[in-house]
Each structure stands twice: as C-alpha cells, then as structure tokens.
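Participant: Here's the letter readout for the chains.
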Amino acid sequence: MALLEIDDVSVRFGGLVALRDVTFEVEEGQFISIIGPNGAGKTTLFNAIAGVIRPTSGRIRFRGREVQGSRPSHMSHVGIRRTFQVARPFASMTVRENVRIAAAGRAVLHSARSLGLRARSRTLGERVDELLQTTGLTPEAGRRASELNIGGLRRLEIARALASEPTVLLLDEPAAGIGVDGLRPLTDLIRGVHHRGLTVLLVEHYVGLALSLSDRVIVLDEGTMIAQGTPEQVRNDERVITAYLGRAGRTAKGEQAGSASGGFVQPDEPGAPR
Amino acid sequence: MSYLIVVGVTIVIYAILTVSLNIVVGYVGQPNLAQSAFFGIGAYFAAVFSTRYHVSFWWTIPLAFITAGAAGLLLGAISLRLREDFLAITTIGLNFVVVAVFQYVPFFGGAMGIYAIPLPSIAGHQFGNTTFLVVGLVMLAFVMVASKYLEHTWFGASLMAIRDDETAASSIGVPVASYKVVAFALSTAFAGMAGSLYAPFLSAVTPTSFGFTESVVILAMLIFGGLGTIRGAVLGALILGALPEAFRFISNYRLLTFGVILLLMLRFQPVGLVGDESVLVKLTRRSVATLQRQRRRSREPDPPSAAV
Chain Y
10 MALLEIDDVS VRFGGLVALR DVTFEVEEGQ FISIIGPNGA GKTTLFNAIA GVIRPTSGRI
70 RFRGREVQGS RPSHMSHVGI RRTFQVARPF ASMTVRENVR IAAAGRAVLH SARSLGLRAR
130 SRTLGERVDE LLQTTGLTPE AGRRASELNI GGLRRLEIAR ALASEPTVLL LDEPAAGIGV
190 DGLRPLTDLI RGVHHRGLTV LLVEHYVGLA LSLSDRVIVL DEGTMIAQGT PEQVRNDERV
250 ITAYLGRAGR TAKGEQAGSA SGGFVQPDEP GAPR
Chain A
-1 MSYLIVVGVT IVIYAILTVS LNIVVGYVGQ PNLAQSAFFG IGAYFAAVFS TRYHVSFWWT
59 IPLAFITAGA AGLLLGAISL RLREDFLAIT TIGLNFVVVA VFQYVPFFGG AMGIYAIPLP
119 SIAGHQFGNT TFLVVGLVML AFVMVASKYL EHTWFGASLM AIRDDETAAS SIGVPVASYK
179 VVAFALSTAF AGMAGSLYAP FLSAVTPTSF GFTESVVILA MLIFGGLGTI RGAVLGALIL
239 GALPEAFRFI SNYRLLTFGV ILLLMLRFQP VGLVGDESVL VKLTRRSVAT LQRQRRRSRE
299 PDPPSAAV
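Those protein sequences? They're chains Y and A, same order as listed. Counting with our numbering, you get residues 10 to 283 for the letters of the first sequence. Counting with our numbering, you get residues -1 to 306 for the letters of the second sequence.
Chain Y with its partners taken away, still in its complex shape (with noise of 0.2 Å):
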C-alpha cells in the first residue's frame, strides 16, 4: 500500500478548474517533484493535501485512511507537513521560538500539557538546537523572525515543517527568490533531509533543481496531470515540452541539449522577478 494516494483529486474555484482528476501514488521515502508552468496547479494540488482547501471530488488517502477536507491541524498531526510558497514566520518571535512551537506537536497542543511551562521540556531543546544547525539557523536563533533575509526565511520554514519529525514534508516552492548563491546550501539541505528518511513532495518552479533531486516528476499544465515519470522520461516528454515552451520549443529542443539542465529549458530562473 502506498503512503500516500491521490485518487481522482479534482478542485473547482466557480467555474475555474483549477485540478483536474489528478491521481498517483507516492511510497514511502520516495522524491516526488510536481512540476508546471504558472497556474497550473501546483500550490492548489498541495493546499489540498496539506487540508487548506477541500477537493470538490476525489479522495486523498494516508496510510490507508481517507483524509480529504480534515483540518491543516489535523494533517500537520498525521505526520504531513508543508512550507510556504510566500515565508510565512511567526514575526514577533524568535527563530529558536518559531522553530520550538512547531516542535511541540500534538502531545502537547492537543492536550492539557499546553497549559505547561514551555521552558520545562528540555528534550525539546535540544532537538529545536539539532535542526537550527541542520538548517544553518544557529547564529540567527535568537533574532527576531522579522529580521531574517530571504534565505533565512526559506530555512526557517524547512526547519519549522521538521520540527514535529513529519512522515512527509510538502516544499512549496523552496528556492523561490533566494538567487544561485544560496541554491547549493539549499539543494543540500533538502537532499540531507531526503536522505534521512523522509517522503518528500516538492513543488518547484526552477525545473533544474526539481530535476536533479527527485526519484519521480509530475507535470501539471492547466490543472492537468499531463506526463509523469523518471526526470529522465519527463524530460524527453513531448508534451512536457509543448507545455513549457509551446509549439516553437519542439525546435528549440535540439539546441537546448546538453546544457546544464540535461536538455531541458528552464523556464524561470532563481532569483528572477516574476
């Protein structure tokens, strides 16, 4: 059975489809990158599975068990967690409280022990200093939240989604706006993470990047599952290519080849304004 099933997802917004009859499965500890051009679905697809938003029609299963429409709470619970698109930090905290409330988990938030002292739990200590030297937040930890730079933010919303030893980490859009500088140390993080053991479901609009870490791409266009595969079946995709490029990128295809992404044009670079 797999960890998690995408079974015939479909989100309408009004009349705007914006997921259409989407199905796969992911196993445990696989790399999965979900790939597409602006609009395709991609953050939809990921609001869906992290409870933001209910799917019209279809089910979502993990471990077995329906969980379509619960709570993002409740999905945070069961072990899938997700960064943002846009850093969301908890602003008047620290980078060690931000990561430290998000440690806490449902043993404590869903229980009495909420009503305990936070400075009392030293296990948690340590295991919030742990991921601040993973995630390279150690010098920032006292600071302010507010304070931190584009690529501090994107680090702390890694370190907070593993904060709680989640079953599946959703990475919306990770290398968003941090430039290529920091792209290696994040490239690094995030395949460290993989490598420990977690399920990984990776939404990224700097193809390369998706490309070079995942086991498994999903490409959606329009709300559409339109190829799925090994990078390397996805890259040579036929419509993979008419979905990026349009129809001059079939004769673009030949030039592109072998270049650093393995033939395949990067839409959007890091770092560029969009």
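FYI, nobody ran anything at the bench for these hints, they're computed from the structure. All of these numbers come straight from a predicted model, not from anything done at the bench. Since no wrong hints were added, every one of them can be taken at face value.
Think about it this way: if two alpha-carbon atoms lie no more than 25 Å apart in a straight line, the pair counts; the simulated SDA-like pairs of lysine to any residue are: (1) A:K280 / Y:M102; (2) A:K280 / A:R295; (3) A:K280 / Y:A150; (4) A:K146 / Y:S101; (5) A:K280 / Y:S155; (6) A:K280 / A:Y147; (7) A:K146 / A:L71; (8) A:K280 / Y:E156; (9) A:K146 / Y:A100; (10) A:K146 / Y:S120; (11) A:K146 / Y:R115; (12) A:K146 / Y:R152; (13) A:K146 / Y:L133; (14) A:K146 / Y:R127.
Which bits of chain A does chain Y cover? Going by a derived footprint, with three or more residues having C-beta under 8 Å, they are: (15) 143 to 152; (16) 157 to 171.
Facing chain A, from chain Y, some residues (calculated, C-beta under 10 Å): (17) V61; (18) H83; (19) H86; (20) M102; (21) A112; (22) L118.
Beta carbons are placed, not taken as given, at the ideal position from N, Cα and C, and that holds for glycine.
Fit chain A to the supplied structure of chain Y, relying on the hints for placement.
Facilitator: Positioned in the frame of chain Y, the structure of chain A alone reads:
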C-alpha cells in the same frame, strides 16, 4: 482621601478589564468590542444572586467568573470563525444584544436594573471603600499573574502564533479555532469576575453601564497602554482612568478626549505607550544596558580593551 479610594477602585476594575481583554486582543489578535457586555454579565449575575438568593459576595465571584466565561465560550464559538473585520462588527452587535437582554428580561430587573445590592462583609465587618480597593487589587494581581503565566505556556505561545499568522499556525498543528474560543472564554471570565466586584461597590447595576461605549473605552485604554503587554494594559487603565478625575473638563468630554488621544497614539506610537518596541521601552532598555556596562567597567580594573 475617601474620594481618591473610590477613584482607585474604578481604575483597578478598569485594569482588570484591560488585562483580561489583552488575552484576546493582544495575544490572539482578535478584535473584541464587547468586553463591557461580559463585565455586565458578571455584574448582573452577582447582583441577582446576592439580592434575590442571598448568596454571599465570596460565592458570587466564582459565579460571575463562570457565567461570563460560559457566555464567552458560547458566543465565541459562534462568532470567532469570522475574519477579523467581520468579527469586530459582530462583537459590537453582541454588546447591544446583551444590553438589550438586561433591559427587557425581567430576571435582570428591566430598565431599572438591580439595586440595593448588599455590602459584602469579611470576618463580620462590612466592606468599606478601602476593603473594595484591597479585594480589587488582589483580583487584579490574580489576573496579571494568570496572564503572565499564560504567556509562558505552549498555549500562550500558540495564541501568539495565531496572531502572527493563522495559516502557518494551523500548519504546525495549532488547533486554531478551539484555541481562539478558549482564550475568548478565559478573557470574558476574568471580565465577569471584575463585574462581581463592581456590583456591590456601586450597590446597583443598570443596563446602560455596560454599553458599547464602555467597551470602546476599555479597548482604547489597552491600545493606549500597549497591546500585547500586561504593563501596557495596566498603565493604559491607570492613565486614561485617572485623566477624567484629574481634569474636570476631560470628564465632560471623555469620549472626545479618548478619541483624540487614541488617534495621536496610533499616528505616532501605534504599539502603545509601553508596548514592545515603543520609544519608552527602547529608551529604558538602552539606559539599563548602559548602566550595566558602566557598572561592569567600574568593577574591572583592566582597561576596556582587555574586556573586549
């Protein structure tokens, strides 16, 4: 002297209301323009039970706490799902509804209200104004300690997470909806407790004492002092509570003066007089740091370069 004590009791009651309101508005960031209604619910239940059923003052305190808290729980559960701007309007409506209930339900004595509320007594002695002041200060201390404690719990931290970013809070597992309601109930329960002191202190309660304008006054005090901080809540109640007593002309134009003060405050110091990051707090922090540095330097015989 006696007059000063009466003013003191009024200010202390306002302070309990601002500190309790701070839990919802300051920590959770949800507007509440009905705090005076919950204050009224506490006062009315205390009044009804002490006049009609001869319940002692000491028992009316938990009674007022529970009834106002229960009302907060119920009304909060209904309204807290709304977005902030709609919630503000809804709480205004709530305040009017509660006052109307006081006015038209015979149980609450109608437009006349309830009067001849007996003076409480302690160890056989009837309360004087000083006793009211002491009991009020004890209540205020209780609410302040409870708030301070709350700030340091996971629950309190979750409330602030909700204030900072509701979506992010729910993504890390904070049960946003229920935490909001619990915080609201706690805040209204404390306001109700203040009501149990107010009723015997004035010896009468009338519907008009708990109107919407009183809610605005309480909120103004809190914003003036500094949202989100206990010291700000107390200082706001102290200054804006004392102003009308110190200057007669302000008393006549109380709402006008408060309005102007609030506008000036929001323009020049939106975090309030002693809120975090306010000019006063920053100055204090800086001078404390300077003092400590000087003290350290005077203790150490070495030149400062060695210390660095």
